[in-house]
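Enquirer: For this one, chain A is given, so just place chains B, C and D on it according to the hints.
Chains as they are written, first to last, in the numbering used here: chain A, 14 to 416; chain B, 14 to 416; chain C, 14 to 416; chain D, 14 to 416.
It is worth saying that the hints were derived from the structure and are not from the lab.
In this list, chains with the same sequence are indistinguishable; a pair is considered to hold if it fits within one copy or across any two.
EDC-like cross-link-like pairs, simulated, lysine to aspartate or glutamate; straight-line CA separation at most 20 Å:
(1) Lys412 x Glu285
(2) Lys307 x Asp364
(3) Lys412 x Glu289
(4) Lys413 x Glu289
(5) Lys46 x Asp377
(6) Lys339 x Asp15
(7) Lys21 x Glu81
(8) Lys251 x Glu172
(9) Lys251 x Asp200
(10) Lys46 x Glu224
(11) Lys30 x Glu63
(12) Lys65 x Asp234
Letter by letter, the chains look like this.
There are 4 protein chains.
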Amino acid sequence: MDFTISTKGQDYLDRVKAFMKDEIFPVEDAYYKELAARDNRWVVLPIIRELKEKAKAQGLWNMFFPDETHGCGLLNSDYALIAEETGRSFIAPEIFNCNAPDTGNMEVLIHFGSDAQKAEWLPRLMSGEVRSAFCMTEPGVASSDATNMAATAVVEGDEVVLNGRKWWSTGIGHPDCQVAIFMGLTDGDAHKHRQHSMVLVPLDTPGIKVERMLPVFGAYDEPYGHGEVSFTDVRLPKSAIIAGPGRGFEIAQGRLGPGRVHHCMRAIGAAERTLELLIRRAISREAFGRPIAKLGGNPDIIANARMSIEQARLLTLKCAWLLDTKGIMGALSEVSMIKAVIPQMLQAIVDQAIQIHGGGGVSDEDFPLTGLFAYARALRLADGPDEVHRAMVARLELKKYAK
Amino acid sequence: MDFTISTKGQDYLDRVKAFMKDEIFPVEDAYYKELAARDNRWVVLPIIRELKEKAKAQGLWNMFFPDETHGCGLLNSDYALIAEETGRSFIAPEIFNCNAPDTGNMEVLIHFGSDAQKAEWLPRLMSGEVRSAFCMTEPGVASSDATNMAATAVVEGDEVVLNGRKWWSTGIGHPDCQVAIFMGLTDGDAHKHRQHSMVLVPLDTPGIKVERMLPVFGAYDEPYGHGEVSFTDVRLPKSAIIAGPGRGFEIAQGRLGPGRVHHCMRAIGAAERTLELLIRRAISREAFGRPIAKLGGNPDIIANARMSIEQARLLTLKCAWLLDTKGIMGALSEVSMIKAVIPQMLQAIVDQAIQIHGGGGVSDEDFPLTGLFAYARALRLADGPDEVHRAMVARLELKKYAK
Amino acid sequence: MDFTISTKGQDYLDRVKAFMKDEIFPVEDAYYKELAARDNRWVVLPIIRELKEKAKAQGLWNMFFPDETHGCGLLNSDYALIAEETGRSFIAPEIFNCNAPDTGNMEVLIHFGSDAQKAEWLPRLMSGEVRSAFCMTEPGVASSDATNMAATAVVEGDEVVLNGRKWWSTGIGHPDCQVAIFMGLTDGDAHKHRQHSMVLVPLDTPGIKVERMLPVFGAYDEPYGHGEVSFTDVRLPKSAIIAGPGRGFEIAQGRLGPGRVHHCMRAIGAAERTLELLIRRAISREAFGRPIAKLGGNPDIIANARMSIEQARLLTLKCAWLLDTKGIMGALSEVSMIKAVIPQMLQAIVDQAIQIHGGGGVSDEDFPLTGLFAYARALRLADGPDEVHRAMVARLELKKYAK
Amino acid sequence: MDFTISTKGQDYLDRVKAFMKDEIFPVEDAYYKELAARDNRWVVLPIIRELKEKAKAQGLWNMFFPDETHGCGLLNSDYALIAEETGRSFIAPEIFNCNAPDTGNMEVLIHFGSDAQKAEWLPRLMSGEVRSAFCMTEPGVASSDATNMAATAVVEGDEVVLNGRKWWSTGIGHPDCQVAIFMGLTDGDAHKHRQHSMVLVPLDTPGIKVERMLPVFGAYDEPYGHGEVSFTDVRLPKSAIIAGPGRGFEIAQGRLGPGRVHHCMRAIGAAERTLELLIRRAISREAFGRPIAKLGGNPDIIANARMSIEQARLLTLKCAWLLDTKGIMGALSEVSMIKAVIPQMLQAIVDQAIQIHGGGGVSDEDFPLTGLFAYARALRLADGPDEVHRAMVARLELKKYAK
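Isolated chain A, as found in the complex (with noise of 0.2 Å):
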């Protein structure tokens, strides 16, 4: 048994914490002062092209990739503790062009994608030149039960034709962006698991319009934004198609486990820096004589946030090395469980800080808190809601008693 990082991981690991430390931190305050003060908040800063550059100058790019090829060689074990480390700031991602959906989209072509697509995108959006967006989710229908899917993706002859409306688009409002992967249903007859097409669609495509950016607790997460997205008859050579018609959940499927462990490492990211504030604050402000880290349940709060922190650290870090050892088909459960577990961790701490920082710990202006519960709380239904990720543990639990 061993819990450590391996040589190269840590190496990484060191110093992605000395660029966050470094280069990040220090520019985050006046980077959102300065996206504030903007009309037009949908813009990426200089600061970001310039961070950009010197993380990619430094080898700390693309480090999700587990081949060396792509990426740096780093398994998802020891991604997993680098991505918990950008966690820690909404910006760090992007800035070593490991934001999702790219991520996840970029696996997908490289895993399923035709040489021409390969080709045609992915030099570009490994660059960090392009943006792409992920556009599964729907207005109409519960989500949770991916069946009601409504969109479609229709082949006509030699032609792909798209139509359906989409929403929470992450990353469509960034000016970058240029490419999203489409989710539809082609053949209603086929094997349930087989109905429905990923489509590689460009955003300037006729008939494809962004409705309207949604905010999440009022927030629109300016540059990247979600976005409510509708496809009109939007029509694509075949070849579009990513591996082909009917592959939409084959693709899903292996795209998805180390994009859960991505998202929920920078979640636990997320919590760590969550509790230091909760700490920080409870240490700092006295009632009755006392710090208030001493008074009442407080105590409890800390210790509580500790433990499932580190338990949930744990469950992710063992579901990425199930990844590397075994594939997804041998972390099926895990890769569920991390789901259900971490977002719902991280918006009970972030609650708890804001108890514990009173008034100041609903204002936006005063702390990161209210921008830290939206994350969390709009986690716990990205992706799939907690509900799905349960089911998914319970159904494989009980399938180890079937016969």
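Expert: Here is chains B, C and D on its own, set in the frame of chain A:
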């Protein structure tokens, strides 16, 4: 035993419900859209003034006063159910001239104000011409311990001089807000419950500055708002001290009971509205071939919400009835209990409603749930955090065993 | 609104409290010791018979009947508070002839029994000479679904023949227990609420065998006990069917309301007793220089217990008041709510009391907490598990939205 | 990173699993029945002695020792998984000579015992011929604060004199129990961690009296049991003090780490067994036409159980690994975390298993759930209540911010 509202109360309740249904709910959407479209949202839109006149004309005005001279002679337990009804809409309380902190401030003036103070402010507050604020909480100290208060109200000859910084002064952004009650330290050597004074201070007095309006999860709650206010050598005649120096805690305690009942009953109204939203969504969406209302743990969520609302309402009604029959000293524990129980209950139900709404649940544009969440979350801190109220309940419980 | 007991109820409550204080609490310890010392604990000790006579002589007898013919003419809401008081001692209910399942069984006889059935059994049950059992739950099937019931009550000519196995037949170990109400399937083809019958069956009828007495966390609750009973070709005249074949569910529903209130109010009495034990321990023990009542999260535990008891009591009293004023059909949701809420509340408080008692908390010899725990735990299953009651509350809630 | 057991550990684990499957599980029922049928249950039944011999012959003996001299040279992290396996049966630990408190007592002797102490006791403890007890907790004081300890171990010339009353001395009822480690106050004026001594005391020393055996939810856990023991002027040569006067806390700390891991891993084994019972019942019973495993919130219960077991196990394994690699000082927080987390987790799962079993769940005769519940409940108090461990975790967390 009788769990019914009085005949008179029922009459008012019926009329308030009809008014809500006929006049308020139908205009809410348009109201919010019009307000959102304004460059300056710190205004009273004409529809509000119109509705106030209508409500006043129908006698649905100042219903919170228990006496017939100032109000309608309703019992606290009668008015509680009316407050619940008004809690279903954020704009309703002002329309009935029943919104905090004006209700509490008017009560303070009636019970502790001098004839001159009453003559100057009461008619205008009671007519709804003028609004007021309450300046107690401070940004620099943990408010859970009232003795932390750093602001001062020092008597110098015939004058009282106010200094300090307050925040979360609710309603101070309202264009009609002209006066505030300020609480500050007068004599640090006096008995600990005789050190502070409340001072009635017109907001145009030199030295008062609203430094900024505070966001709650990004929302400013225009046109009411929550202000951070600095008081710098604010000089007033000594007669501005309500009931004389050192009586701040005594007044605060008298102000406390009915205000808590109002807050909590409005929160219960908000919880009912939230549960209605939750259920309507849950029966209108399907997954796996069934409405999500019937899926997995969702029936439990609905049942638990119903059970906690029912219990919370009964506790608050009993508290109101104790105030009616035994006064604040007979309701000390209940007044703390409801404040510890109800906001937390509301937050839990809103959180579950968000979950059941999926992505739409976190979008302010689509559902009012994020606003309800922010309201619940802030209420767990306003007027003392949960912790303080639980501590009071425990203290009173232990007192029963002291000899 | 009025949260007080009636004058008449108050008089009875005062007298019951005095009786508990003067007659029951002082003998409890000796009673349990004497019983424990017996080889055969399935006996009625003389002190119980004496106290029964005393209670009867004082008119504190059969107080659960709402009418004056059989009982004292107390409202359900009055008797509820008396039931709470008797819930403080496990032996009290029998002493006042107010213990389950005799209370419910007597009600069934009065409302549904034939003249002959009444004549034969009612006087002896009402005098406390005879006890009864209720045979419904079965070991072989999930009782949460009543249609699962496998036992049969088949009409053959002039006879009804009972077959099947029942368990958790409470009170069947009592030496005075002579009769039971048995529920079984009569006609599987009838409407689903007309398939079952209730049969009044003397326990000396051939074919009935108490297979064993069941322990609850190791305790047999002598001399009442919970039996597993087999019925093998038990033949009775058809007139033994209460109200005629197929009316089992109808009778069950009528039996339901007041019984739930009694159970829940006794559990609230047990919760009050537990909280008292918890606090007395917490103020008598010190750690780190302070009574543990003031340590860490313990004040929260005390406050939360007080708040949940208060709310639970109010909910139950409202349920009782609804039964008084609107009957069972007006209290359907409340009757389910209390059963879902109160036993779980009691269990949580007992668990915390155990924790605060330390090692002594788990030792039956030192404190009554393990017995209270077993009582609470079993109550979450008796008369339907929590899940069934929450499901009913949810169903009734959804019904409000059905059109 | 590597989450697997070592090759050597795997070999032992496989053999332990086989032994459990082939030798222990098949005899459990008969063993308990035979024991229950005895008038005197404080005996070692022949089957236990046989199985001990078999285990010893297979080298599955004293596996908890990390060294090869005394044990098998297994890492703590290896043995942890073996302890989990033995936690599935209450009788297994003794059979492998791996049961508390003998494990900890042997460790103490090895690390702190004098040559004479070792020579006298170690061979017999290691051979399983003799058992031991640990006398620390006291009935008269809150044990959460160790400085409360009232028992004394006073040095008088060449002797040490023990006085005081201890309880929850586990294993003291065992017929082979011949020696105990007693902790008492030696010098109240010394530094607070140098005041207490541990004394090795043969149980036949005059002045020692087992006053009674304590029940845990009615069960005496024969033939081990938990004793209340009085020490009255028990005189021993001064050499009986382990490592010399005043070193009690130092020894306690050293004893602490591995013991906690063993306790917690056994509890995890018990949790796995409980979850298996829960699921087997849930798939074998039907209600409303479906197995109750799929009904309502039950899948969530199963998923939550799985997720909390997985996290708890990982936390405990990491703690074991830290002990292996960094020693107790590198695992201080984790050693407290696991004790706060695992027993509570086990209790929650057993409670849910009881609920899913319905009435059978509370009957000790039908399912082992009440026994598992009592075990979990007691474990939340044994070796320090949850509160103490959470407080330690919080203290260590705050320490990170101290400068």
